[in-house]
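Q: Sequence:
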Amino acid sequence: MNSPSSRLTLTEPPGPLREFWLGFTANRGAFVALIVFALIALASLLAPLIAPYDPIEQYRDFMLTPPVWADGGGTRFLLGTDELGRDMLSRLLHGGRVSLGIGLAAVAMSLVPGVLLGLAAAFFQRWLSPAIMRVMDIVLALPALLLAICVITVLGPGLVNTVIAIAIGALPGYVRLTRAAALGEIGRDYVTASRVAGAGVWRLMFVTVLPNCMAPLIVNATLSFSSAILETAGLGFLGLGVQAPTPEWGTLLSAARDYIMRAPWVVTLPGLTILVTVLAINLMGDGLRDALDPKLKKVA
1 MNSPSSRLTL TEPPGPLREF WLGFTANRGA FVALIVFALI ALASLLAPLI
51 APYDPIEQYR DFMLTPPVWA DGGGTRFLLG TDELGRDMLS RLLHGGRVSL
101 GIGLAAVAMS LVPGVLLGLA AAFFQRWLSP AIMRVMDIVL ALPALLLAIC
151 VITVLGPGLV NTVIAIAIGA LPGYVRLTRA AALGEIGRDY VTASRVAGAG
201 VWRLMFVTVL PNCMAPLIVN ATLSFSSAIL ETAGLGFLGL GVQAPTPEWG
251 TLLSAARDYI MRAPWVVTLP GLTILVTVLA INLMGDGLRD ALDPKLKKVA
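Counting from 1, one number per residue, gives the positions in the sequence shown under UniProt numbering.
In short, the hints are calculated from the structure, not lab data. Since the structure is predicted, the reported quantities are computational estimates derived from the model, not experimental observations. Built from N, CA and C at the ideal position, the CB exists for glycine as well. A couple of the hints might just be wrong.
Label-pair ranges, simulated between beta-carbon atoms [as the list claims (entries may be wrong)]:
hint, residue 1, residue 2, range
1, Ala141, Arg60, 43 to 51 angstroms
2, Val139, Leu275, 39 to 47 angstroms
3, Gly101, Thr192, 42 to 50 angstroms
4, Arg203, Tyr259, 54 to 62 angstroms
Could you put together the complete structure from these sequences and hints?
A: Below you can see the structure in the form of structure tokens.
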């Protein structure tokens, strides 16, 4: 008779990437959100190829044409036209390139210096940390959108200045998170062993400590991405962001607010696009948190 131990089958543990994927897909909402966001990002990226019309081309004979499902709509303009006769589908697709591009650029522009300043504050606590953290406290004293408006007022409206304004508002979050994560790692045995082995400060910062701080930074960057899209739309709605005729989801809302009763689709469609995109990114952030946090991992 075979012993119980002989009937046990040993399976190899999954690799890091497979373990992450299993943890992420265990959250079905995050998996569906990933698919939705991938479709939105792909459509925005391929906008010059799949958009039926030029986003700034005006068809004066078809101003405020309803979408295809409404009375008076047709297949020529599937999502209708705006107040100047421009195709809404084409403007939404090209607007996605601008909105997502600004969000991605703002996250990168705040993440890199935020990580550098956070590591510096963690490793040089006596003389550098107080100065960095007091400056970050001053920046945090202002709401992000208000700070962005102040920066835009100084620099002037425009695409590049919008990225800078949003990045400045997001910078303190990365600095504080990196500093807290690094301080939690500095006292661990593997860091002490590296220091005893002769590793310099720069190697300890970027090779030893930083890789172990990336999980919360990735989650925070994902959530900051959605916040950047909302702030971009807010600045565009106020007329301080991307300027016409460049299509951007916030500027589409701003231009259409006078026609909300007469042609509700010109307001509803950009608003729904922003809602779905931001919701998908936030759900993806929840999935990343579950997959990267060892305390929340649930690998089948």
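Q: All the hints need checking, so say for each whether the structure fits it.
A: Hint check:
A beta carbon spacing of about 49 angstroms between Ala141 and Arg60 agrees with the range 43 to 51 angstroms that was offered as a hint. Between Val139 and Leu275 the C-beta distance comes to about 28 angstroms, which lies outside the given range of 39 to 47 angstroms. About 43 angstroms separates the C-beta atoms of Gly101 and Thr192, a value consistent with the hinted range of 42 to 50 angstroms. As the Cβ distance of Arg203 to Tyr259 is approximately 60 angstroms, the hint placing it in 54 to 62 angstroms holds.
The structure is inconsistent with hint 2 alone, although it conforms to all the rest.
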